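There are 2 protein chains.
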Amino acid sequence: MNDVSGNWFAQAVARLTEPQHQRVWSVIVTVFGDLAQGPGDRLSGGALNRIIGPIGIRPEAIRVALHRLRKDGWLQSERNGRESRHFLTEFGRRQSAAVTPRIYTRRARIADDWYVLIAGEASGMRTLDDLLLAENFISVSRTVAIGPGRVPGECDDLLVFRADPVKVPEWFRERLFPPELERACRTLLEDARAVEALLSTAPAPGPLEVAVLRTLVVHRWRRVVLRHPDLPPQYLPPDWPGEACRDAVFRLLDRLPRPSLAELEAV
Amino acid sequence: MNDVSGNWFAQAVARLTEPQHQRVWSVIVTVFGDLAQGPGDRLSGGALNRIIGPIGIRPEAIRVALHRLRKDGWLQSERNGRESRHFLTEFGRRQSAAVTPRIYTRRARIADDWYVLIAGEASGMRTLDDLLLAENFISVSRTVAIGPGRVPGECDDLLVFRADPVKVPEWFRERLFPPELERACRTLLEDARAVEALLSTAPAPGPLEVAVLRTLVVHRWRRVVLRHPDLPPQYLPPDWPGEACRDAVFRLLDRLPRPSLAELEAV
Numbered sequence: 004m005n006d007v008s009g010n011w012f013a014q015a016v017a018r019l020t021e022p023q024h025q026r027v028w029s030v031i032v033t034v035f036g037d038l039a040q041g042p043g044d045r046l047s048g049g050a051l052n053r054i055i056g057p058i059g060i061r062p063e064a065i066r067v068a069l070h071r072l073r074k075d076g077w078l079q080s081e082r083n084g085r086e087s088r089h090f091l092t093e094f095g096r097r098q099s100a101a102v103t104p105r106i107y108t109r110r111a112r113i114a115d116d117w118y119v120l121i122a123g124e125a126s127g128m129r130t131l132d133d134l135l136l137a138e139n140f141i142s143v144s145r146t147v148a149i150g151p152g153r154v155p156g157e158c159d160d161l162l163v164f165r166a167d168p169v170k171v172p173e174w175f176r177e178r179l180f181p182p183e184l185e186r187a188c189r190t191l192l193e194d195a196r197a198v199e200a201l202l203s204t205a206p207a208p209g210p211l212e213v214a215v216l217r218t219l220v221v222h223r224w225r226r227v228v229l230r231h232p233d234l235p236p237q238y239l240p241p242d243w244p245g246e247a248c249r250d251a252v253f254r255l256l257d258r259l260p261r262p263s264l265a266e267l268e269a270v
Numbered sequence: 004m005n006d007v008s009g010n011w012f013a014q015a016v017a018r019l020t021e022p023q024h025q026r027v028w029s030v031i032v033t034v035f036g037d038l039a040q041g042p043g044d045r046l047s048g049g050a051l052n053r054i055i056g057p058i059g060i061r062p063e064a065i066r067v068a069l070h071r072l073r074k075d076g077w078l079q080s081e082r083n084g085r086e087s088r089h090f091l092t093e094f095g096r097r098q099s100a101a102v103t104p105r106i107y108t109r110r111a112r113i114a115d116d117w118y119v120l121i122a123g124e125a126s127g128m129r130t131l132d133d134l135l136l137a138e139n140f141i142s143v144s145r146t147v148a149i150g151p152g153r154v155p156g157e158c159d160d161l162l163v164f165r166a167d168p169v170k171v172p173e174w175f176r177e178r179l180f181p182p183e184l185e186r187a188c189r190t191l192l193e194d195a196r197a198v199e200a201l202l203s204t205a206p207a208p209g210p211l212e213v214a215v216l217r218t219l220v221v222h223r224w225r226r227v228v229l230r231h232p233d234l235p236p237q238y239l240p241p242d243w244p245g246e247a248c249r250d251a252v253f254r255l256l257d258r259l260p261r262p263s264l265a266e267l268e269a270v
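Chains D and X are the protein sequences, given in the same order. Converting from the first sequence to this note's numbering requires adding 3 to each position, the first position being numbered 1. Converting from the second sequence to this note's numbering requires adding 3 to each position, the first position being numbered 1.
Derived by calculation from the structure, the hints in this document are not laboratory data. Predicted model only: the values in this text are computed from it and were never measured. One should not assume that every hint holds.
No copy is singled out in the list; a pair is fine if it fits within one copy or between any two copies.
[Stated by the list, open to error] Listed next, the in silico EDC-like pairs over lysine to aspartate or glutamate satisfying Cα-Cα at most 16 Å (straight line):
(1) 74 x 93
(2) 74 x 199
(3) 170 x 86
(4) 170 x 63
(5) 170 x 159
(6) 170 x 157
(7) 170 x 160
(8) 74 x 268
(9) 74 x 266
(10) 74 x 183
(11) 170 x 185
(12) 74 x 132
Please model the complete structure; the sequences and the hints are all you need to start from.
Structure representation (structure tokens):
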């Protein structure tokens, strides 16, 4: 990259990087989910370093995170001569595929049916805790959760209602949309717009630059959009910037079409 | 009353009396609700003694209960020569009228709309407690209640859903229909049927006998039917005897048409 390109690119990376929230293993999950989620997809150690190195992540931190992801069953690695090549396991691909539709949809997908699940004071707490771990549910309080879509099978000791919200009190709205989520959403909105502006006057970015920027944007968007399932408007605070943020994210991603793995390895 | 009549009547009273559950003030509330709920209705101390004396309630206990009911604003008393006459206050009539439809309906009135009301761990608990006192709601747990009919006005700090039951777990069914309620319901069913059988071979009962028996039946039925609002079938335990009990109660009451106050005073 020449100096001019380097200048806009450095600005864009600086704008999109949030040093305080970078769990390296989580960034790597984002990279594979975005660029190498297919069954035969592989990413060399070199390419991975080139994609997340510019974000300020050092090779040692990458090695530690890869070790952890292998231990947790997300990734496998194979040697190919002097180079390691990494790929998602079957489990890792399932996990990745489970959230992909929610991350990449251009419109909020609000479930038609919602359920409220209630544990008793002495019964059902364990079931509720298990469901909150396994399903896309929202914790309301120690004994209550709400969830979209369908009633889970394993909940015979819960009181379950099909539920339409009539009143959403301030305390629940704040639980759903706490200040740090609002901050994450607003800053991503501003940063995505700023980087879109930078891109509009920059030379066409190369595949690696695209991969770096996509990773940064998708990683931040994941943390906003996966926080909880898309909610009907009754739950949203006034002026919630979620959909504006989604629009800005996808306008930016449209300018940064996903490069092929071959392009990334050839850099 | 002659010996033959006395015999069946004593048996009927014994069958319908539950000495362990007789709160005298509550029996008096039943008497006024059943026999003297109208705006101008008055019941002399003598008539009251004659109606609830045969149940085993002594005049001193009646005096104490009347004192309490006056203190609580339910009743007023006036002197008429040597005799006291008692009547429901405006407040007492309102309280009485509020439950009359539920006590005297011959068919369960199941609300079409139900709500679940949820307090947060730090907010809304007070509101929920107030609602449970004031409204016809059912406590599910420390932070959750369900209620029929309409959303109450004063609940801005509660999370409220319009709610259709999908799963009713055993712990909630047991909370709704605990063993003592089932026992109260089954024994009332049996006792009402037994007294109906006694009546079918007895001489026509006089107004006072009718008043005594009505009081006993209605008082026990109140404790079953007012326990909670009529619930949709999903909540009921299998073989719940509630509707059979209601039928037996109304078959019996149909044999014991409400006497007029004039008849009761004239005895």
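*Would you list, in rising numerical order, the hints stated earlier that this structure does not obey?*
2, 3, 4, 8, 9, 10, 11, 12
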